[in-house]
Amino acid sequence: MTDFPPDSAVICRDLCKRFGEVRAVDAVTLALRRGECLALLGPSGCGKTTVLRLIAGLERPDGGSIAINGRTVSDAGIFVPPHRRRVGLVFQDYALFPHLTVEQNIAYGVGQRADRRERVTAMMALVGLDGLGGRYPHELSGGQQQRVALARALAPQPDILLLDEPFSNLDVALRRQVREDVLRILRQTGVSAILVTHDQEEAMSLGDRIALMFDGALYQVGTPRDLYERPSSRRAAQFMGDANFVGGQAQGQFALTALGAVPLAQPARGPVDVLIRPEALALDTAAAGARAVVAGQMYLGAWQVVWVALAEGNDTLKVLCPPGVTWQTGQAVHVRVTGAGIAFPRL
Amino acid sequence: MAVPLTTLVLLPVGYLFVRAAEVAPERAFSMLARPGTLRIMGRSVLLMSSVTAAACLVGVPAAWLTVRSDLKARQLWTVLLALPLVLPSYVGAFALLGALGQRGIVQRWLLPLGVERLPSIYGFWGAWLALTLFAYPYVFLSARAGLRGIDPALEEASYTLGRSRLATFWRVTLPQLLPAISAGALLVALYTLSDFGAVAIMQYNVFTRAIYLRLSLDLDQAALLSVMLVALTAVLLVVVALGERRRGRYYSRRAHYRSRLVSLGRWQPLALAFCTLIVTLALLMPVGVMTYWLVNGLQHGETLRDVLAPLQRSLRASALAALACGVAALPLVWLQVRVNSPLAHLLARSAYLGYALPGVVVGLAFVFLGARYLGALNALFGLGDYRSLGLLVLAYGVRFLPQALGPARASLLQVNPHLEESAQTLGRGYLQVMASITLPLMRSGLVAGVALVFLTAMKELPITLLLAPTGYDTLATRIWSASNEAFYARAAAPALVLVLLSALSLAYILEPDD
Numbered sequence: 001m002t003d004f005p006p007d008s009a010v011i012c013r014d015l016c017k018r019f020g021e022v023r024a025v026d027a028v029t030l031a032l033r034r035g036e037c038l039a040l041l042g043p044s045g046c047g048k049t050t051v052l053r054l055i056a057g058l059e060r061p062d063g064g065s066i067a068i069n070g071r072t073v074s075d076a077g078i079f080v081p082p083h084r085r086r087v088g089l090v091f092q093d094y095a096l097f098p099h100l101t102v103e104q105n106i107a108y109g110v111g112q113r114a115d116r117r118e119r120v121t122a123m124m125a126l127v128g129l130d131g132l133g134g135r136y137p138h139e140l141s142g143g144q145q146q147r148v149a150l151a152r153a154l155a156p157q158p159d160i161l162l163l164d165e166p167f168s169n170l171d172v173a174l175r176r177q178v179r180e181d182v183l184r185i186l187r188q189t190g191v192s193a194i195l196v197t198h199d200q201e202e203a204m205s206l207g208d209r210i211a212l213m214f215d216g217a218l219y220q221v222g223t224p225r226d227l228y229e230r231p232s233s234r235r236a237a238q239f240m241g242d243a244n245f246v247g248g249q250a251q252g253q254f255a256l257t258a259l260g261a262v263p264l265a266q267p268a269r270g271p272v273d274v275l276i277r278p279e280a281l282a283l284d285t286a287a288a289g290a291r292a293v294v295a296g297q298m299y300l301g302a303w304q305v306v307w308v309a310l311a312e313g314n315d316t317l318k319v320l321c322p323p324g325v326t327w328q329t330g331q332a333v334h335v336r337v338t339g340a341g342i343a344f345p346r347l
Numbered sequence: 001m002a003v004p005l006t007t008l009v010l011l012p013v014g015y016l017f018v019r020a021a022e023v024a025p026e027r028a029f030s031m032l033a034r035p036g037t038l039r040i041m042g043r044s045v046l047l048m049s050s051v052t053a054a055a056c057l058v059g060v061p062a063a064w065l066t067v068r069s070d071l072k073a074r075q076l077w078t079v080l081l082a083l084p085l086v087l088p089s090y091v092g093a094f095a096l097l098g099a100l101g102q103r104g105i106v107q108r109w110l111l112p113l114g115v116e117r118l119p120s121i122y123g124f125w126g127a128w129l130a131l132t133l134f135a136y137p138y139v140f141l142s143a144r145a146g147l148r149g150i151d152p153a154l155e156e157a158s159y160t161l162g163r164s165r166l167a168t169f170w171r172v173t174l175p176q177l178l179p180a181i182s183a184g185a186l187l188v189a190l191y192t193l194s195d196f197g198a199v200a201i202m203q204y205n206v207f208t209r210a211i212y213l214r215l216s217l218d219l220d221q222a223a224l225l226s227v228m229l230v231a232l233t234a235v236l237l238v239v240v241a242l243g244e245r246r247r248g249r250y251y252s253r254r255a256h257y258r259s260r261l262v263s264l265g266r267w268q269p270l271a272l273a274f275c276t277l278i279v280t281l282a283l284l285m286p287v288g289v290m291t292y293w294l295v296n297g298l299q300h301g302e303t304l305r306d307v308l309a310p311l312q313r314s315l316r317a318s319a320l321a322a323l324a325c326g327v328a329a330l331p332l333v334w335l336q337v338r339v340n341s342p343l344a345h346l347l348a349r350s351a352y353l354g355y356a357l358p359g360v361v362v363g364l365a366f367v368f369l370g371a372r373y374l375g376a377l378n379a380l381f382g383l384g385d386y387r388s389l390g391l392l393v394l395a396y397g398v399r400f401l402p403q404a405l406g407p408a409r410a411s412l413l414q415v416n417p418h419l420e421e422s423a424q425t426l427g428r429g430y431l432q433v434m435a436s437i438t439l440p441l442m443r444s445g446l447v448a449g450v451a452l453v454f455l456t457a458m459k460e461l462p463i464t465l466l467l468a469p470t471g472y473d474t475l476a477t478r479i480w481s482a483s484n485e486a487f488y489a490r491a492a493a494p495a496l497v498l499v500l501l502s503a504l505s506l507a508y509i510l511e512p513d514d
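Chains as they are written, first to last, in the working numbering: chain A, 1 to 347; chain B, 1 to 514.
Any given hint could turn out to be false.
[Claimed, not checked] Interface residues of chain A toward chain B, partial, derived using beta-carbon atoms under 8 Å:
no.	residue
1	83
2	88
3	89
4	99
5	109
6	152
These are calculated hints, taken from the structure and not from any lab test. All C-beta atoms, glycine included, are put in the ideal place defined by N, C-alpha and C.
Build out the structure end to end from the sequences listed, making use of the hints.
Structure (structure tokens):
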């Protein structure tokens with residue numbers, strides 16, 4: 001059995017949830033460390049939202065256990081209902097109470113405490129909503145609604161905060177700004193949080209660690225750097241960013257491929273597919289590296305993306321280039337490997 | 001086209017006001033200030049509010065049980081609880097009398113036990129019971145739709161914020177449900193204000209019955225009372241419209257997932273008992289009583305053949321009215337949805353007036369118009385009375401047009417205007433576009449509206465009583481006269497036929513459940 005520090009904010013063991021025939025969550029074992037933000041990342045329908053709802057108590061697991069701050073809230077014969085779990089949840093569509101003002105929404109979970117007013121005022125200041133307390137949700141912009149949802153979830157001082165795709169309803173321009181705000185608020189309050197997202201950039205920028213899920217199962221947990229640079233599977237590698245795969249023979253520290261000898265991050269032997277990220281490749285007009293032809297290019301300002309077809313074999317690679325040089329489609333070039341590759345045994 | 005249509009709808013009611021204004025002011029004032037008139041007003045308001053309150057107390061819990069709890073056989077209960085909608089109030093009231101009245105079935109059963117006389121159910125309690133039992137489905141259906149429209153995430157958010165299920169119901173669910181409940185309650189209130197059958201049979205003197213009784217005695221007073229009733233209805237509508245201003249504070253949308261059902265646990269038997277009681281009183285009892293009287297009548301020489309002619313007349317008049325409303329609804333709805341001008345909105349809106357007009361008032365307005373103009377015309381050509389099938393259908397149309405407009409409008413709103421525009425750019429003229437694109441796409445709404453008009457026109461009593469040509473007995477008037485003379489056995493057959501036909505057309509109207 002995996003050992004987690006006993007003071008972990010959340011510990012899920014062998015968590016299972018079926019919907020009819022579908023195994024939405026399949027034996028997920030996972031811990032949230034105290035004070036960290038864990039990004040639960042995966043494509044839509046992979047079961048990440050269900051994990052969140054199981055932790056919040058909105059769904060009953062079919063198996064496994066959940067403990068929050070050392071207290072078992074779900075296990076065989078134990079089920080603590082959601083309103084006794086001290087879990088804050090920010091819904092994807094915010095679920096603000098439309099008949100209550102901003103202030104009443106934030107105060108809703110605080111209860112009849114002596115410092116109720118101060119608490120609400122402090123939360124409004126924290127998320128930058130001063131002066132909007134009397135408004136109704138429909139009178140707010142999407143970004144403001146998002147901040148009310150966050151303030152409302154944080155106001156009762158929950159043990160953990162759960163965020164379900166919190167930025168998916170915002171337009172792209174706003175998303176980056178709100179993301180930074182949320183990061184600041186999470187750091188400031190020091191709350192332990194789980195963030196569900198399908199956007200790897202979002203997961204990398206907000207998550208101290210990332211838990212990667214496919215088809216209801218957990219694939220890999222680690223820091224953003226771990227997952228990007230040392231993906232444990234082909235699927236993880238593809239989901240965490242653009243990936244080129246080149247076939248070859250691994251011979252210990254390097255692999256022989258159409259691109260020549262590619263250094264490997266970890267030694268391997270035998271037939272492999274080598275993962276090379278686009279930024280670990282460079283183009284050259286001089287005769288250094290493998291011969292190729294430019295198949296297409298896209299200029300993006302700070303950099304440009306160039307697709308090249310290798311002369312040997314029929315692989316097309318994606319290369320991230322500095323913006324200075326102009327590459328023409330059809331132009332003959334040479335491709336060099338500038339970083340290390342990761343070998344995955346050929347299937 | 002829409003302008004003459006709207007005029008046609010507004011004309012009779014407008015004329016009613018003209019007629020009331022013709023009464024000499026002193027006489028009018030003394031009539032209005034009379035204690036009898038005030039009592040009528042008081043009784044109307046009392047009946048309306050108590051029926052509405054009771055309908056909410058029955059309809060909202062029933063809706064919650066069938067939508068959100070694990071009540072056994074929820075689908076079946078949903079249908080059974082909605083079915084009393086097909087019972088016209090006068091059939092229901094007459095069945096109540098047949099069961100609980102002083103010559104009713106319960107009395108007969110109790111006689112051997114030494115109960116000589118049941119307490120009378122005539123008056124307020126009888127009218128209240130009858131109207132509540134047959135009007136609560138409006139609240140039930142509306143609250144059901146409301147419950148299904150609430151985003152489950154709102155309640156879940158409340159749970160995660162530490163509120164229990166009960167607290168969440170009071171503080172989140174109920175406030176969100178209010179618009180749906182008040183929409184249903186408004187329908188019940190309008191139903192009660194405009195109902196003639198139940199209050200007439202239970203002999204409770206509210207506006208509609210008073211107007212009908214005055215008709216043969218004092219037309220001035222009937223006109224004044226009608227204007228008062230219309231004013232009361234208008235006040236009600238304005239109050240509700242003011243309450244609806246805060247629309248933005250509610251939202252309803254199809255949620256992407258369903259709320260989990262609440263387990264009733266040991267409350268299950270109590271919930272089942274509640275549903276059984278309602279269905280027994282509002283459905284089984286009336287149908288059972290009528291069947292009892294039917295069998296009783298057949299044994300004593302009544303025949304079913306007498307029902308055929310009234311049935312044919314009912315079908316003919318209702319079908320003509322439904323057809324007319326369907327044809328009229330098309331341009332009005334198109335104008336309202338597609339032509340965005342204030343005049344178009346005003347025209348389309350005023351066609352909804354019929355909603356607020358009790359049948360007695362519409363009937364009376366046509367009586368005035370007919371007596372003054374058509375009567376003279378007919379006399380000129382030797383046609384006799386002003387009453388005619390045409391006038392009857394016209395009055396049905398004025399009263400029930402809004403019921404065709406509602407569903408038609410909803411379905412036209414769902415037709416993307418780009419479809420019509422692309423048909424135009426493909427070379428079709430307006431009429432061709434309407435025939436080939438718009439009509440087929442909004443057919444279901446139009447059919448539902450027409451079916452609704454057909455159903456309600458068939459049940460309509462006061463307009464038929466006032467305007468049907470002499471000798472043109474329909475199912476409704478046949479039931480009315482038979483139950484008036486306490487020939488329960490003779491009323492049973494037409495009543496059962498009417499209920500059966502209504503139940504069939506209801507199938508078109510109710511939204512499919514899942």
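Results for each hint:
1. Annotation: interface hint on residue 83 of chain A holds; nearest CB of chain B at approximately 5 Å, less than 8 Å.
2. Using the Cβ-Cβ criterion of 8 Å, the hint placing residue 88 of chain A at the interface with chain B is satisfied: the shortest such distance is roughly 7 Å.
3. A least Cβ separation of about 4 Å between residue 89 of chain A and chain B falls short of the 8 Å threshold, and the interface hint therefore holds.
4. Because the closest C-beta pair between residue 99 of chain A and chain B is about 5 Å apart, less than 8 Å, the hint holds.
5. Interface hint status for residue 109 of chain A: upheld, as the beta-carbon distance to the closest one in chain B is roughly 3 Å, under 8 Å.
6. With its C-beta approaching chain B no nearer than about 7 Å, residue 152 of chain A sits inside the 8 Å limit, and its interface hint holds.
No hint from the list above goes unmet by this structure.
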